[in-house]
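Chemist: The chain contents come next:
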Amino acid sequence: MVTVRLIGAGDGKPKREIRLPGWLPPYLQATPLALILGGFLLLPILMIIVVSFWDYDFAQMYPDFVSMNYVDTLGSWVTWKTYLNTLKFAAIVWLLTLVIGFWVAYFLAFHVRTAAMQMVLFLICTVPFMTSNIIRMISWIPVLGRNGLVNTALVKAGIVPQPIEWLLYSDFAVVLAMVHLYTLFMVTPIFNTLMRIDKSLIEAARDGGASGWQTLTNVIIPLAKPGMAIGTIFVVTLVMADFSTVQVMSGGQSASVALMMKNQMSLLQYPAAAANAAVLLVVVLLMVAAILRVVDIRKEL
Amino acid sequence: MSQAAEIELASVSKVYGTTTAVHAISLKIPAGSYCCFLGPSGCGKTSTLRMIAGHETVSEGDILLGNTIVNDLPPARRGTAMMFQSYALFPHLDLVDNVAFSLKMQGVDKTERRNAALAMLKRMQLEPYATRRPAQLSGGQQQRVALARALITRPQALLLDEPLSALDPFLKIRMRAELKSLQTSLGMTFVHVTHSQDEAMALADLIVVMNDGRIEQAANPRTVFERPATAFVAQFMGNHNVISGRIVERSGDLTTIEVNGGGRFSAVGVPEHEDTHADFALRTDHIRMAASDTSGFGFTAVVQNVEDLGASVKLSVAGAGVEEFTVVLRDADFYRSPVKAGDAVPLSWGKDDAIILGRVPK
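If you read the protein sequences in the order shown, they are chains A and B. All residue numbers for the first sequence refer to the working numbering, where the first residue is 1 and numbers rise by one. All residue numbers for the second sequence refer to the working numbering, where the first residue is 1001 and numbers rise by one.
If we strip away everything but chain A, and leave its shape as in the complex, we get (with noise of 0.2 Å):
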């Protein structure tokens, strides 16, 4: 073995080591992280778990541990045909979006031939989400209105004798709107899967006798899965979430499970609204936990 000395090298001023034990900094690089999971994620939910089980009166919350708020939760059927409601749009929304962001988004990847036109048009796609939320769904509101747009148009075009009702304040006007809100966070996933299928793929395809619709239904759907999963995902939770919207444009007519808990709270029913909360959560990680189960989506991560 031979030593190499750099003349100059290694015997310059003794430098002051700090010595860390081998076992410390794993943890310290995952610390910033733990923090803020711990402190912004963790902590909350560890509350209103722990709020749930407390007692409460018109006025006041009594730190307790009682099962009253679930019984009344669960055992209301007010809830039931809430969670039922909640969940019948989460599903409509959920197809529409799952339909129209896969159309959107294959278009992007596959029609769409150069890189530079994707991402303009991708860009486009993104333009609603610089207003808030809140706006674009009051947008909404002129356009469907009795004496909106639509309404209007088709009335002078003598198509209907008078405005359609159903149009705003109603669960169509509730599903339109979130399907406007949401499809964008479909688009994004599926695009992202669709733009890593290699293109000999489909070709291959082809060579083997595939027309367009095989090729789609046999390969490209297939590769698209994770990103579909991912989108839902989203879609779901946003829409298992979902109060504003819901409250907006049904007018007070239909209900969701947050906008029950948004009720609860402004009668100052904190540990109902826990409960309620609770119950939420554990609803939406079963329905992701379902999604995983279908469908592998660790490769796009």
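Rather than coming from a laboratory, the hints here were simulated on the basis of the structure. There's no promise every hint is true.
Below, simulated DSS-like cross-link-like pairs (lysine-lysine); rule was C-alpha separation at most 25 Å, straight line [claimed, not checked]:
#1 A:K225 to B:K1172
#2 B:K1104 to A:K199
#3 B:K1104 to A:K225
Here the structure is a predicted model, which is why all the values come from computation and not from measurement.
Please build the complex by placing chain B on the supplied structure of chain A, with the hints as guidance.
Modeler: Same frame as chain A, now just chain B:
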């Protein structure tokens, strides 16, 4: 297996926007032969293959398979199958479903197509991996799956786009032998695109050397190796020196050229083109280290570099206006009278060793 088909290209061109990738090439590939398209990247060989496969439209000219013009037929109806460079195996399907893909597209029922796919996998010795996904296989195994998938429809011609480029050198040589034996046993027409001279020499019945969208030479490997048609072929095959110069004399069947600023060289024959300049090719391993008895068949050169390659010794020399000249000597011949860089050595060759090269009309 179905009959192998002859493939004919009749002045086929490919134009992308304003650039022409393939310039009106014409070629006949006999049925049941192993044809290699050889050339540097960007020479149009892959475009040509993709046009034959139907993955690229023909800008001008006709492609015939057997007696049918296939220009407007989709890939699957041409009777060709393609093996892609990166194999393009479907990552979400197991091997059986990958191989059975085109049968599924044809509407063959499940048990029948699975049986056919299994039989094909067995033939490729991949049966133990039938339920695996492509990502769980090695490169060589993936290649065999790609072959199995291409062969399941019993095509008349198999088109291979740089099939060996993704493999390590050892595997490359093994798969090369497998491809050749497969082609022989199937009797199918194989068209193989490659940029490796060794691969083309080892496999092909017909080598088509392409450059700049044109065919420089289409001949059997022996001819391409021994009698390159053009300076490009001579240089690309790598075993020839090319000397270019102005034609100064044509006497009888002897053509003499003068290299810019230096010596005169002669070769038997007359150039086929009408140019004032001509190129000669000289096999690097046909040069002797001895003075020439006839003028025009040798020169004195200064050794620039000596590389001992084991069985042979490669000398890089220059002289008589020739800047780059390579001499490959057998080790025994070299060590009988070794030379070193800076030495002046006489070089000569036989009368038939200098070949007059042609030009591709542009």
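Chemist: Each hint: holds or not?
Modeler: Checked hints:
no.: 1; hint: A:K225 to B:K1172; verdict: violated (35 Å)
no.: 2; hint: B:K1104 to A:K199; verdict: holds (21 Å)
no.: 3; hint: B:K1104 to A:K225; verdict: holds (21 Å)
In summary, the structure is inconsistent with hint 1 from the numbered list given earlier, while agreeing with all the others.
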